[in-house]
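Engineer: From first to last, the protein sequence lines are chains A and B. 1 is the number of the first residue of the first sequence in full-length UniProt numbering; add one for each residue after it. 1 is the number of the first residue of the second sequence in full-length UniProt numbering; add one for each residue after it.
For the record, the hints were derived by calculation from the structure and aren't laboratory data. Any given hint might turn out to be false.
Stated by the list, open to error - Pulled from the structure, derived: some chain A residues nowhere near chain B, Cβ distances all over 12 angstroms:
(1) 158
(2) 211
(3) 385
Said to hold, decoys possible - The calculated DSS-like cross-link candidates involving lysine-lysine, where the alpha carbons are at most 30 angstroms apart (straight line), are:
(4) 51(A) x 376(B)
(5) 240(A) x 149(A)
(6) 225(B) x 106(B)
(7) 51(A) x 106(B)
(8) 376(B) x 285(B)
(9) 373(A) x 196(B)
(10) 373(A) x 518(A)
(11) 373(A) x 25(B)
(12) 106(B) x 75(A)
(13) 85(A) x 75(A)
The beta-carbon is built from N, C-alpha and C at its ideal position, and this holds for glycine as well.
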Amino acid sequence: MQLTVWTYEGPPHIGAMRVAASMRDVHCVLHAPQGDTYADLLFTMIARSAKRPPVTYTTFQARDLGGDTAELVRKTLQDTVQRFKPRALLVGEACTAELIQDQPGAMAEGMGFDIPVVPLELPAFTRKENWGASETFFSLVRALLRGHKPAERPAMTGRRPRANLLGPTMLGFRCRDDVTEVTRLLASVGVDVNVVAPAGAAPEDLLRLPEADFNVCLYPEVAYSTCAWLERMFQQPTVKTVPIGVGASRDFLLEVGQVAGIDPAPAIAAAQTRLPWYSRSVDSTYLTGKRVFIFGDATHVIAAARVATEELGFEVVGLGSYSREFARELRAAAEGYGVEALITDDYLQVEARVLELAPELVLGTQMERHIAKRAGIPCAVISAPVHVQDFPARYAPQMGFEGANVIFDTWVHPLMMGLEEHLITMFREDIEFNDEAAPSHLGPAARQGGAQTRAEPAADDDAEGAGADDAIIWDSDAEKELRKIPFFVRGKARRNTERFARERGVATITVETLYDAKAHFGR
Amino acid sequence: MPVTRERGQRQVFCGLAGIVWLHRKMQDAFFLVVGSRTCAHLLQSAAGVMVFAEPRFATAILQDRDLAGLADCNEELDRVVTELLARRPDIGTLFLVASCPSEVIKLDLDTAAERLAASQQGRVQILAYSGSGLDTTFTQGEDTCLTALVPRMPELPAAERSLLVLGTLPDIVEDQFARLFAEIGIAPVHFLPPRKAAELPPVGPGTLLLAAQPFVGETAAALAKRGATLIEAPYPFGIEGSRAWFAAAAAAWGLPAERVEAAIAAPVARAERGLANYREQLAGKRISFLPDSQLEIPLGRFLSRECGMQLTEVGVPYLDRRMMAAELELLPAGLRLTEGQDLERQLDRLRQDRPDLTVCGLGLANPLEAEGLTTKWSIELVFSPVHGFDQAADLAELFARPLNRRQRLAF
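Chain A extracted, bound-state conformation (with noise of 0.2 angstroms):
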């Protein structure tokens, strides 16, 4: 058993309906008890979508159990085609119904449906979300392209060059302006759209994904073992790059211009973006070294260590990821970085990792936002999982240009701004305009003193580990010069003082310590 508060992923069942959710004329058949139906709301409600997911559910209960599950299985499927005459049916259970294994998969392909059956196995006890999305594409392209001869593509020459786009799911992180700006970002090197999948795509047009000159990989999470698949199938190649952030995206112009065989360079040339310039100009100097902490899906998370080290000059102290099937990916950009990768689904131990960094700024998911807000950190969030506030009415997209411009002012919203910060260093006794008056959007936590008491449970947890008996001491004059350090950096002061004192046997930290300590560790 693993204790959650909260978790990353749904179950592998919710990334079989994105994926249904997605597409057009999909229906997918769910063995699943009463109350099971709770994840429609995720698409009517967060995603907002104004219909229902295609999704049909078997809602047994107790009474049912005693009975002939497997007949209501057999019954549902068999109402669902004559009721919404899909053109391929999804077929999988979520996790009670694992349990008593009725095998609906294998009863639906028994029951001459003419249209594509596709059975699900979904393993709910040691996959999740993202597996489940990835696992039902998969499947699905592979049932529909089976045994397809690849058509010989027309070359090249004489047309555009032609690509699908894969991955793009609903609930995904900003998939719909994303495939917008990608689109357009193609455009501009003269690259048409074969198919995007799954959002949108009806099975006919899986059918066609064959005819791409090469597919773009835009969520790795969900479309990486089909690009694989297809790659070896239909000898398409993949681009990898992933466009979110100024650099990313000219390296994915440039490998979509080595893939194409066009030249990408004018259109790089033109690309219009304001992330470079805000960056550049001298009201963006106090960004400068700010410490991060990113966690989030492998893919944004890569890519949002780029731009927070390469394009805003923030410091990455900690990165860290839910999607174990890139750990290795992860590691190698967190090497990178001098840091070590936190892999993990536990959101007790990300917690831990953010009050022992105490960085000033911790770009996340929707969960990090309930860590900041406990720990009063200003907090954006990059990836899913989110909640309807991030799947907002605006263009929005994190890739592109565009996206590089809604990334810069998303991320350096929440930070405390430059002048702001200049005046609480140097007043720290205004009556209004102190740590306690933290920005509003911080929470309670960060009015009760700031990252100073955050860092604490993390400090205490340190002392144990290193024995209670070099229990370290403040002497009150100590602690109230510490008082007087910015309240985002505190909590590091604070910790790097007594890490000072620690490795030099000093048993009572006193103003002369602090300071020792600041020049030692420097910033």
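Given the coordinates of chain A, assemble chain B onto it according to the supplied hints.
Structural biologist: Then chain B, alone, in the frame of chain A:
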């Protein structure tokens, strides 16, 4: 009252959803669901928009190896509970909440609760109940939770009597009711659930039981076994329901009806003034209820009798005739009342009826709006102060608001 029973796909919450309000009501309680990632996902989808600094619920997610053997599962549960209690030393009462997966593998949480309570040496009260979708529908989760509290309630001394109000009420409503009971002359009055799970009210043969919510049938039965007597009354929605509710309590207590009328005169007058405006907006409008919380019958009664609405169809997830007896008598004759659900058929009927207002869950609300039907999402009725005289207008407003909004919007 004839009832049509339906079976098929059901679009309802499971009982775990009750945790979302129960953990706010009982401030010292923590809810640990023993289930799958689906359960954890449900809870955070239902409650996730509230950014808790520290939520008072969590899920012990079963892993593959837990499914292999039961002994191991119990050890695992002990470890998780110990870990949790170390993290949250302020927990006074811990509820182990069973889910579909834990029930299918027959993990005995009642025994686990006893074992864990013993190992905690009374520092923490540990209880178990089921919130699984197999057994419970939405608000029924509160019923099973409260039922688990009943054996822990102290014995009311033999010579004493008390009134016990059953079902979660918002604190403000609870306080209003306490004041009215005091004025009528009924004392002591206790509430279940209490604001602290450690401070349970007493129960015994002198207890008169008054249900404030229609979905607490099991708890009422458990309290009856401890000697309490259930007062039959409609539920305190609207003026009529609230008046009858207080009147039934006073009659059972042996007080004359004038005492009630005197005490409620001012609130009734206020409520009538408040309701008048909404009655104008609601009268003549047709309304359908899809099954959700068990509140459908009393709310339908309020809307038809006090607001002049026409009930097109009233769907309930299940019908507890004993708890609903007084309400059923007040429903208009010829009403289409359905128990259970066959979702697609029910939606077909709804599309045919095209009522002015449809009360339904959030999984259906936006899609129905897109079809041009005006909806009122039903969960809000469980989360808002809607009981009693001073909330009668607020309750009507909840139904008038979507109609009002539809009128205001130009596009």
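Engineer: Now look at each hint and say whether the structure bears it out.
Structural biologist: These are the hints, each one checked on the structure:
| no. | hint | result |
| --- | --- | --- |
| 1 | 158 | 45 angstroms, holds |
| 2 | 211 | 33 angstroms, holds |
| 3 | 385 | 8 angstroms, violated |
| 4 | 51(A) x 376(B) | 17 angstroms, holds |
| 5 | 240(A) x 149(A) | 25 angstroms, holds |
| 6 | 225(B) x 106(B) | 27 angstroms, holds |
| 7 | 51(A) x 106(B) | 37 angstroms, violated |
| 8 | 376(B) x 285(B) | 13 angstroms, holds |
| 9 | 373(A) x 196(B) | 26 angstroms, holds |
| 10 | 373(A) x 518(A) | 28 angstroms, holds |
| 11 | 373(A) x 25(B) | 23 angstroms, holds |
| 12 | 106(B) x 75(A) | 27 angstroms, holds |
| 13 | 85(A) x 75(A) | 15 angstroms, holds |
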